[in-house]
Amino acid sequence: MEIFAIVISAILVNNIVLMQFLGICPFMGVSKKLSTAVGMTGAVTFVMVLATIVTYLLQTYVLEPFGIGYLQTISFILVIASFVQMVEIVLKKVSPPLSSALGVFLPLITTNCAIMGVALLTIQYEYNLVEGVIYAIGSAIGFGVAISLFAGIREHLDLMNVPKGMRGTPIALVAAGILAMAFMGFSGLV
Amino acid sequence: MNQMQNFTKGFIKENAVFVLLLGLCPTLAVTSSAVNGLGMGLATTFVLVMANIVVSLVKNLIPDKVRIPSFIVIIASFVTMVDLSMAGFLPSLHESLGIFIPLIVVNCLVLGRAEAFASKNNIGSSIIDGLGMGLGFAFALTLLGAVRELLGAGSVFGIEIPIFPTTEKGSPITMLIFVLAPGAFIVLGYLIAMINRFKKS
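Taken in sequence, the protein lines are chains A and B. For the first sequence, numbering that gives the first Met the number 0 assigns the number 0 to the initial residue and increments by one for each residue that follows. For the second sequence, numbering that gives the first Met the number 0 assigns the number 0 to the initial residue and increments by one for each residue that follows.
Please note that the accuracy of each hint is not assured.
What the hints assert, rightly or not - Cβ-to-Cβ under 10 Å is the rule here; a few derived chain B residues that face chain A:
{"hint": "1", "residue": "Pro25"}
{"hint": "2", "residue": "Pro101"}
{"hint": "3", "residue": "Cys107"}
{"hint": "4", "residue": "Leu110"}
{"hint": "5", "residue": "Phe163"}
{"hint": "6", "residue": "Lys168"}
{"hint": "7", "residue": "Ile172"}
{"hint": "8", "residue": "Ile176"}
{"hint": "9", "residue": "Ile191"}
Bear in mind the hints are in silico, worked out from the structure with no lab data behind them. Note that beta-carbon positions come from the ideal geometry of N, C-alpha and C, so glycine has one too.
Produce the complete structure using the sequences and hints provided.
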């Protein structure tokens, strides 16, 4: 039940993009087409789950026992950056089709604050490893839901006759605001 | 480009938030009040200036291949400094900015300036560039925070502005939606539209 609550909360109630404002850059950047949005979601899910596991282990077995919690920011970002590099290299060798599908998105992920944010929040909420992984999966799905919905909206927006000053980013932001308003309807669900 | 232009470009012409759309996560997340926006903006400015100084000093010592990871380590050290000093001196601000203080590390604005400007220019211009871009970012965050606070809570910097009708008990009837998540997107959208209009004329 606890696990179910974590998933629902991460996908709908505290949606990582629309409610917590993590990962706004890819949300605005790669949401022009539905297909790229789906590709980005794949890459984010993959890296987010693995990065959460690695940073959790780092926090519990290295930073805390040695009392060097103040190195959290530096060590997390280094782990995530090198981890993304590693995933890129391994994928290229092991699964070329997956690599070419996710390839363009992987370098962008290092500066995606959703990855680092979920890693930090897992520690902050004091989740254990299983809950942390579930939370990461839920957050990644939440990211996917938000970005796919938004990409669909933006594909339609392109065809609309928008007032001159609002074209492009401004109307996209207002649409994101209305989407966020819709997600507010889920509050109180868990 | 003279130093004056170098300093002022960050405010309107190349404003990080309104024009370049960099660093949107903290922009949207912490600007529920003007004070939070200003605090976040100044913290980012500090990191930006210090990182620019160090990057421009060590730019010739770092091999080209490992420059991005090295820049990230430099930035992360200054972010840790800001994080710890803010927790010590301004605990309430630290509390309300929360997770977004360590997340300055992944703010594309900071890494972007280190890579695009400080790694190619001398220390003097790098400081001015960092100050200009940082204060421009702080300006944008404060403006966004002020508008949201005014519409959503009827005050700016905690000072009440009586523009809303009041209830019988005297508390203003405000549009709460603007201090919540959707308001951030909508206010930023309209501010960018206004800036676009302003730039054309």
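Right, here's what the structure says about each hint:
The interface hint given for Pro25/B holds, since its Cβ lies 8 Å from the closest Cβ of chain A, which is under the 10 Å cut-off. This hint holds: Pro101/B has a C-beta 5 Å from the nearest C-beta of chain A, less than the 10 Å allowed. Using the Cβ-Cβ criterion of 10 Å, the hint placing Cys107/B at the interface with chain A is satisfied: the shortest such distance is roughly 5 Å. Because the smallest distance between the Cβ of Leu110/B and any Cβ of chain A comes to about 6 Å, under 10 Å, the interface hint for this residue holds.
For Phe163/B, the interface hint is violated, the least distance from its beta-carbon to any beta-carbon of chain A being 21 Å, above 10 Å. A hinted interface residue such as Lys168/B counts as satisfied when its beta carbon comes closer than 10 Å to some beta carbon of chain A; here the least separation is about 26 Å, so the hint is violated. The closest approach between the C-beta of Ile172/B and any C-beta of chain A is roughly 19 Å, which is over the 10 Å cut-off, so the hint fails. Here the hint on Ile176/B is kept, as its CB sits about 7 Å from the closest CB of chain A, short of 10 Å.
Taking 10 Å as the C-beta cut-off, the interface hint given for Ile191/B holds, the closest approach to chain A being about 5 Å.
When each numbered hint is compared with the structure, violations occur for hints 5, 6 and 7.
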